Amino acid sequence: MLRQLAKEKGYLIMAHNYQIPELQRIADFVGDSLQLARQAAETDAEKILFLGVDFMAEMVKALNPEKKVVVPVLCATCPMANSLTEDEIAKAKEKYDAPFVVYVNSTAKTKFLADYLCTSANAVDVVRNVPSDTILFGPDKNLASYVAEKTGKCVIPIPGEFGYCHVHNFVTAEQVLRKLEKYHDAEVMVHPEVPEQVRRLAHFVGSTAQMEKYPMASSSKIFIVVTEVGMVEKLRRLYPDRTFVTIDSMVCYNMKKNNLRNTYRAVLNDAPEVKLDERLAEKIRKLVEDMLKLTVSTQESKK
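For the sequence shown, position 134 (counting from the first letter as 1) is numbered 945 according to the numbering used here, and the numbering increases by one without interruption.
Careful: at least some of the hints might be erroneous.
Between beta-carbon pairs, the in silico distance windows are [as the list claims (entries may be wrong)]: (1) Glu992 - Gln815: 40 to 48 Å; (2) Lys1068 - Leu1103: 24 to 32 Å; (3) Lys1032 - Asn1080: 24 to 32 Å; (4) Ser1029 - Glu819: 25 to 33 Å.
Below, simulated SDA-like cross-link-like pairs (lysine to any residue); rule was C-alpha separation at most 20 Å, straight line [unchecked claim]: (5) Lys961 - Lys878; (6) Lys879 - Phe911; (7) Lys1094 - Phe911; (8) Lys1067 - Asn893; (9) Lys1086 - Lys1104; (10) Lys879 - Ala919; (11) Lys818 - Asn1070; (12) Lys961 - Leu874; (13) Lys1097 - Glu853; (14) Lys1068 - His977; (15) Lys904 - Leu885; (16) Lys818 - Gln850; (17) Lys1094 - Asp839; (18) Lys878 - Gly821; (19) Lys961 - Ala909; (20) Lys820 - Ile831; (21) Lys902 - Gly971; (22) Lys879 - Arg1096; (23) Lys1104 - Gly821; (24) Lys1068 - Asn893; (25) Lys1104 - Lys818; (26) Lys1086 - Lys902; (27) Lys1032 - His1014; (28) Lys920 - Lys1086; (29) Lys820 - Gln846; (30) Lys1097 - Pro1083; (31) Lys1086 - Leu823; (32) Lys904 - Lys1094; (33) Lys879 - Phe1015; (34) Lys1068 - Glu905.
Since the hints were derived computationally from the structure, they do not count as laboratory data.
Everything numeric in this text was worked out from a predicted model, so none of it was measured.
Just so you know, even glycine gets a beta-carbon here, dropped at the ideal spot from N, CA and C.
I would like the entire structure built from these sequences, with the hints used as guidance.
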């Protein structure tokens, strides 16, 4: 009924990898925030139903300013994105006089103050290509640590100790080791937002988009997936002959604020609609354009 109503009203349904299985199954596209924003720009649909959290919906709106973007609820937010304030950015820039690379998991106002934009998939390449040995990076401290390790640059996390994803930051090495005790032959895939001691246990570190591809290149039949539990829904659909094990505590309750009932209501009422100041949207589009140029040049040099 929900898919039929959405189709009748001209909606394209887009769901993030961390959405509940029921919403992933009704979506036209399931992916990470940048995949979805770019996919939306390539479709003819004039209306988009976005199932994720607020900063992701802002990205979709920024890259698709002429399209109507509707979400089930406005209260599905991201504490990490909200952890970095404009004042903290200004103080850090004044203190260090270094370029600021903002993680896509951030508010539109934070992005407006950034010099560069990155995703978890391309953060290393972006920072490597920034012409400075000192980088301000926010808001995720664990991703900053990973980028520093891979690039050898001085990567200063802002807002520091308080910038982290509540889902990824509190997973422990002990939790992963307990899973490995049970699944001896498993390979461990982790998101770079996890702490360093958890990264050390990984066979693969990557974004959710990169996690989609890793099992194809691996001979393992069992994978411990150290990211939000919703990701295994897509992995199980892509690789029905493999086993994917979750860390059960890794639940994003903001992602889970979207459900079938409020999604149906959003389609029925064409609301709530995502609004974004054009000045902010223009800056985000420029950041995305520059980011893609940086990463394309890196890919070309690797050929």
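Cross-check of the supplied hints:
Taking 40 to 48 Å as the suggested C-beta distance range, the pair Glu992 and Gln815 conforms, at roughly 47 Å. Checking the proposed 24 to 32 Å range against Lys1068 and Leu1103 shows it holds: the Cβ atoms sit about 31 Å from each other. Distance hint check for Lys1032 and Asn1080: the Cβ-Cβ separation is about 46 Å, which falls outside the suggested range of 24 to 32 Å. Here the CB-CB span from Ser1029 to Glu819 is close to 42 Å, at odds with the stated 25 to 33 Å.
Distance restraint check for Lys961 and Lys878: the Cα-Cα separation of roughly 38 Å exceeds the 20 Å cut-off, and the hinted pair is therefore not satisfied. Proposed proximity of Lys879 and Phe911 is contradicted: the alpha carbons are some 31 Å apart, above 20 Å. At most 20 Å may separate the alpha-carbon atoms for a hinted pair to count; Lys1094 and Phe911 meet this at roughly 14 Å. For the hint pairing Lys1067 with Asn893, the CA-to-CA distance comes to about 18 Å; that is within 20 Å, so the pair holds.
Among the hinted pairs, Lys1086 with Lys1104 is inconsistent with the structure: their alpha-carbon atoms are about 27 Å apart, more than 20 Å. Proximity of Lys879 to Ala919 is assessed by CA-CA distance (about 18 Å); at most 20 Å being required, the pair is judged to hold. For the hint linking Lys818 to Asn1070, the alpha-carbon distance of about 18 Å falls within 20 Å, and the restraint holds. With a CA separation close to 30 Å, the supplied pair Lys961 and Leu874 exceeds the 20 Å bound.
Under the criterion of a C-alpha separation no larger than 20 Å, the hint pairing Lys1097 with Glu853 is consistent with the structure, at around 17 Å. Taken as a hint, the Lys1068 and His977 pair is honoured in the structure, with Cα atoms around 16 Å apart against an allowance of 20 Å. At most 20 Å may separate the alpha-carbon atoms for a hinted pair to count; Lys904 and Leu885 exceed this at roughly 31 Å. Restraint check: the Cα-Cα separation between Lys818 and Gln850 comes to about 17 Å, which is no more than 20 Å; the hinted pair holds.
Annotation: proposed proximity of Lys1094 to Asp839 is violated, straight-line Cα distance about 28 Å (limit 20 Å). In summary, the hint linking Lys878 to Gly821 is supported, as the alpha carbons are separated by about 11 Å, within the 20 Å threshold. Our distance criterion of 20 Å between C-alpha atoms is met by Lys961 and Ala909, whose separation comes to about 19 Å. For the given pair, Lys820 sits about 23 Å from Ile831 by alpha-carbon distance, which is inconsistent with the 20 Å threshold.
The hinted pair formed by Lys902 and Gly971 meets the criterion: a straight-line CA distance of about 13 Å does not exceed 20 Å. Restraint check for Lys879 and Arg1096: satisfied, since their Cα atoms lie roughly 17 Å apart, inside the 20 Å limit. Of the supplied pair hints, the one linking Lys1104 and Gly821 is violated, its CA atoms being roughly 33 Å apart against a limit of 20 Å. Distance hint between Lys1068 and Asn893 is fulfilled; the C-alpha atoms sit about 17 Å from each other, no more than 20 Å.
Taken as a hint, the Lys1104 and Lys818 pair is broken in the structure, with Cα atoms around 35 Å apart against an allowance of 20 Å. Distance check on the hinted pair: Lys1086 and Lys902 sit about 29 Å apart at the alpha-carbon level, beyond 20 Å; violated. A C-alpha spacing of about 14 Å is found between Lys1032 and His1014, which places the hinted pair at or below 20 Å, so the restraint holds. The hinted pair formed by Lys920 and Lys1086 meets the criterion: a straight-line CA distance of about 13 Å does not exceed 20 Å.
Proposed proximity of Lys820 and Gln846 is contradicted: the alpha carbons are some 24 Å apart, above 20 Å. Under the criterion of a C-alpha separation no larger than 20 Å, the hint pairing Lys1097 with Pro1083 is inconsistent with the structure, at around 27 Å. Among the hinted pairs, Lys1086 with Leu823 is consistent with the structure: their alpha-carbon atoms are about 18 Å apart, no more than 20 Å. Using a Cα cut-off of 20 Å, the hinted pair Lys904 and Lys1094 holds, with the two alpha carbons roughly 18 Å apart.
This hinted pair does not check out: Lys879 and Phe1015 have alpha carbons roughly 38 Å apart, beyond 20 Å. Proposed proximity of Lys1068 and Glu905 is contradicted: the alpha carbons are some 38 Å apart, above 20 Å.
Hint compliance for this structure: hints 3, 4, 5, 6, 9, 12, 15, 17, 20, 23, 25, 26, 29, 30, 33, 34 are broken, all remaining hints hold.
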